[in-house]
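Chemist: Okay, here's what each chain looks like letter by letter:
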Amino acid sequence: MLRSLTNCKYSNRAFTFIEVMVSLMVTLVVALGFIASVIYSSKQADLSRDHLYGLQAMDAFQGQVQASNVVLLGEVSTTTPTVYEARFRNPMSITPDYTNPTINYTYTANFTFTGWGKVVSATANTLTCGIATNQSNWTTNEWVGHYVTIASGKGAGQIMRITANTGNVLTVSADLGGVSNTNWAINPDNTSTYYIDDGKTVRIRVTWGDASRYRTMNRTVLVPRVSLVPVRS
Amino acid sequence: MNPIMNHKAGGGRNTGGFTFIEMTISIVMFALVSAITIGGMLAYAKVAKSFRAQQRVEETARSFEERLFYGMTDCVNLTVSGGGTVLQLVSPSNVITQYIYVDSDSNNDTIGNNTLFRRVTANSDVGRVPEVTWCSRVTSGTTTLPVFTSITGSARPLVQMVLRSGDRSPNKAANAARVDDLLTGPGYQSFTINTFLTPAAN
Chain A
1 MLRSLTNCKY
11 SNRAFTFIEV
21 MVSLMVTLVV
31 ALGFIASVIY
41 SSKQADLSRD
51 HLYGLQAMDA
61 FQGQVQASNV
71 VLLGEVSTTT
81 PTVYEARFRN
91 PMSITPDYTN
101 PTINYTYTAN
111 FTFTGWGKVV
121 SATANTLTCG
131 IATNQSNWTT
141 NEWVGHYVTI
151 ASGKGAGQIM
161 RITANTGNVL
171 TVSADLGGVS
181 NTNWAINPDN
191 TSTYYIDDGK
201 TVRIRVTWGD
211 ASRYRTMNRT
221 VLVPRVSLVP
231 VRS
Chain B
1 MNPIMNHKAG
11 GGRNTGGFTF
21 IEMTISIVMF
31 ALVSAITIGG
41 MLAYAKVAKS
51 FRAQQRVEET
61 ARSFEERLFY
71 GMTDCVNLTV
81 SGGGTVLQLV
91 SPSNVITQYI
101 YVDSDSNNDT
111 IGNNTLFRRV
121 TANSDVGRVP
131 EVTWCSRVTS
141 GTTTLPVFTS
151 ITGSARPLVQ
161 MVLRSGDRSP
171 NKAANAARVD
181 DLLTGPGYQS
191 FTINTFLTPA
201 AN
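In order, the protein sequence lines correspond to chains A and B.
Each residue of the first sequence is one higher than the one before, counting from 1 in the working numbering.
Each residue of the second sequence is one higher than the one before, counting from 1 in the working numbering.
Source of the hints: derived by calculation from the structure; they are not laboratory data.
Straight-line C-alpha distance at most 20 Å; calculated SDA-like pairs for lysine to any residue: (1) B:Lys49 x A:Ile35; (2) B:Lys49 x A:Ser48; (3) B:Lys46 x A:Ser42; (4) A:Lys154 x A:Asn187; (5) A:Lys154 x A:Thr182; (6) A:Lys43 x B:Tyr44; (7) A:Lys43 x B:Gly40; (8) B:Lys46 x A:Ile35; (9) B:Lys49 x A:Phe34; (10) B:Lys49 x A:Val38; (11) B:Lys46 x A:Ser41; (12) B:Lys172 x A:Ser42; (13) B:Lys49 x A:Gln44.
These figures come from a predicted structure and were not determined experimentally.
Please model the entire structure based on the sequences and the hints provided.
Modeler: So, in structure tokens, the structure goes:
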């Protein structure tokens, strides 16, 4: 080893041009990688902020929906366009911070109302429901475990637990206490109205972003039919 | 004798120190790498400071909103007074909680002394708790919006809250003039609280 060191052929040479260039390239790549990571982190911070604004927009829309008169909420044919609740028929938008040029889009909410309406017919343990105007049918078994209340008409006041559902038919084979194989005490009919969870369910979808970053957030909100909260005069 | 220590043993210059050229290149490259490293670290520190400041204003806003929404679950009525600077929550058992926006120097631009407090005693500032600091009222055009606005037409009491946490404006020169940057660091670290509140208690 000592011999090889003392007789090393290249021990006294300077760096070659190639070596210098390689070193500079390595340094450059490391620097660029570092800068790229900083820029990427910055973009991630922007996404985090935008998501937070999305969450806030969702809270804001939820607050507005829950301040509604549940009787009018989602009703299309029986309300005038000027009532507060009519605003939710169309998409609503919020611009979170219009002074910030890096947020150049708005947060838009769409509202879907479901979970209430008129009864079409009933058997001992089913309820065939009319789906309100502009509403789509339910997803199979989406209401399992929830409760349906007959709000008016024949059989009013009964509350039953839902054990299955199709697009518009509820199977109700348990009472409020969860006792199974329980039938309606009085079968509702087409004079009856129903509310699932004793209110109107509002599905809020908030979207934001552009074509490259299109984000969506969903939330389901119940606006109770009966409330002890003082109503604004 | 160790041949490495004996210059004559190996002959020529092969056992000598670095040449002037080698030293110069080494120093230049070391300086270059050091400059890039230090520059990068300084840049990263600056960016990290901005991140932390942005995170702070976001967390402040978000945690306050969560507390406020939690307060709504034990609230049966909301009222706004003081020209949109005071929000009052009333619980089912008639316990009153108030939030009050205070601008100590009546200058919306100096965010350092603008604070949203929670009063522990109704209509009294004794023992009030700061909830959001470094904040300001939002300006729309030439109008400075109230922090709390009572919305009409809804079945339940509904209040819109608009408040900016952090810098007032992305305008760098304006921030410097308003000493925003002394508090939050360079850049635009801001989060605008814009939400609607309605009582949720039965």
